[in-house]
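If you want the building blocks of each chain, they are given just below.
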Amino acid sequence: MNCEEAIKLVDGYVDGELDPITSQTIELHLRECHKCNQAYKTHGSLIRAIGTAAPYYKAPAELRERIQSSLLEQIAEQSNGSGRIPRGARPLIAKKQPESPSILFGSSWNWLALAAALVFAAVIAWNVLPRSQRPNDQFLATQLIASHVRSLMANHLTDVASSDQHTVKPWLDAKLDFAPAVVDLSSEGFPLIGGRLDYLDNRPVAALIYQRRKHFINLFVWPAVANETRTPKTITRQGYQLLHWADSGFNYWAVSDVNENDLQAFKEQFEKQVPQR
Amino acid sequence: MALPLKAEHASLTENFESTAKIVKFAVVPKKHEEQDQSPKEELTSFEEAMLPHLDAAHNLARWLLRNEQDAQDVVQEAYLRAFKSFSGFHGSNGRAWLLTIVRNTSYTLLKKNHAVDLTTTFDEEIHASDHESVSPATILEHSEDAELIREAMNELPAEFREILALRHQEGLSYKEIADVAQIPPGTVMSRLARARGKLKECLAARIGKEK
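Read top to bottom, the protein sequences are chains G and S.
Start counting at 1 in the first sequence, then tack on 1090, and there's your number in the working numbering.
Start counting at 1 in the second sequence, then tack on 1, and there's your number in the working numbering.
In case anyone wonders, no lab produced these hints; they're calculated from the structure.
Some hints could be false.
[To be verified] In the SDA-like style, the derived pairs of lysine to any residue whose C-alpha atoms are separated by at most 20 Å in a straight line are:
{"hint": "1", "chain 1": "S", "residue 1": "85", "chain 2": "G", "residue 2": "1154"}
{"hint": "2", "chain 1": "S", "residue 1": "41", "chain 2": "G", "residue 2": "1115"}
{"hint": "3", "chain 1": "G", "residue 1": "1098", "chain 2": "S", "residue 2": "186"}
{"hint": "4", "chain 1": "G", "residue 1": "1148", "chain 2": "S", "residue 2": "68"}
{"hint": "5", "chain 1": "G", "residue 1": "1098", "chain 2": "G", "residue 2": "1115"}
Make the full structure from the sequences, and use the hints.
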């Protein structure tokens, strides 16, 4: 074996992937040729160094949770005969899923159970709850997530793209019949990206878009009804976090795929910065 | 306004199924006892078999895409794909099977984003001039610098990043690498040698610049 042949095979030799006969031939050559032996030694130690020094990117814990919940969702949909990819999965490469015709018809409920539930809900609503009661949070949560996902899908994250609260606020004020508070939280790690109009809960609402690292937070704001609950609540759905609170006569719903702690921190910072009236 | 990356994904219309090249793993018709398995049980056995390889999947996607958010999205997508075809998987090497799907999903996204640097012609001239003065011993001295290695590796084309991660971080055999990267087994060694050679050049160029 000459030097040229030996150098060609040295990678396989270092990796222990050569057949025994070729291995022996190389060994013989390395014993005889000082130059090749030197090259082999540096090459080998460099290769080992790469193995130990190159950063290994372990999966973050929330990725495991995200995967598990999207798998669960997938079997739930499969057992109902539709092989759709769950919304929460944000399909990257799959065909764009057509929007469900409506939130109720799109889901895979048993019709009898649905009818019974509707009747039951109607009876309760008629007898117990005041007329002005808002639609239940689950329904609203579905709408909120749909809005959030849609805003990230189409070229429609913002109607007014600006990190300046004094640009976003007047723009929204002019389009809505209320004046939501707009604050920039750049220094707290949640830079303002812009504002958007949206339609939720049967009324036009303001959507403020903030960024957390590479994730987006949609903060939906609309005036609260007087007797509405003021206790903050969190909902986790399809891998999205929803956080609700009410303050100074406004309803706030923050929706994002950031983790719960980040969203809580966002709420606290937002409340801290909002001018009290 | 620069659109967020996520928004671009939505406009991807190519059907993954038509581009996936999972040729190494034949789909065998379901056996009778498996058809009786409830979806829950199937999910449990899938998770037991595949979730242990989550770190490997994430690491490969992260090196290929060079972006954390994309890597996570691709890994999630790959797990969903893997689960769908899991009933047809009867091999013994779950890790290589999963990594193949992760790799295919990553490349589909890279191609869609026109970020495929498969064919990137490496500018040897630029690098050659920089590293001539850097001796192998000097490179070795710097070889524990994780940040330096990361930067140098990220400079390489995707096929080199992939093969280095598979060999040096996952410790895959040449045969497994051939399966995952879908190249003939005979070319694994030469590709690995070229990848290491280029990495050395990139390291030398970076060290040369620092001096």
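A quick look at each hint next to the structure:
1. S:85 to G:1154: holds, 18 Å
2. S:41 to G:1115: violated, 55 Å
3. G:1098 to S:186: With Cα atoms ~16 Å apart, residue 1098 (chain G) and residue 186 (chain S) stay inside 20 Å; holds.
4. G:1148 to S:68: holds, 13 Å
5. G:1098 to G:1115: holds, 13 Å
Of the hints listed earlier, the one the structure fails to meet is number 2.
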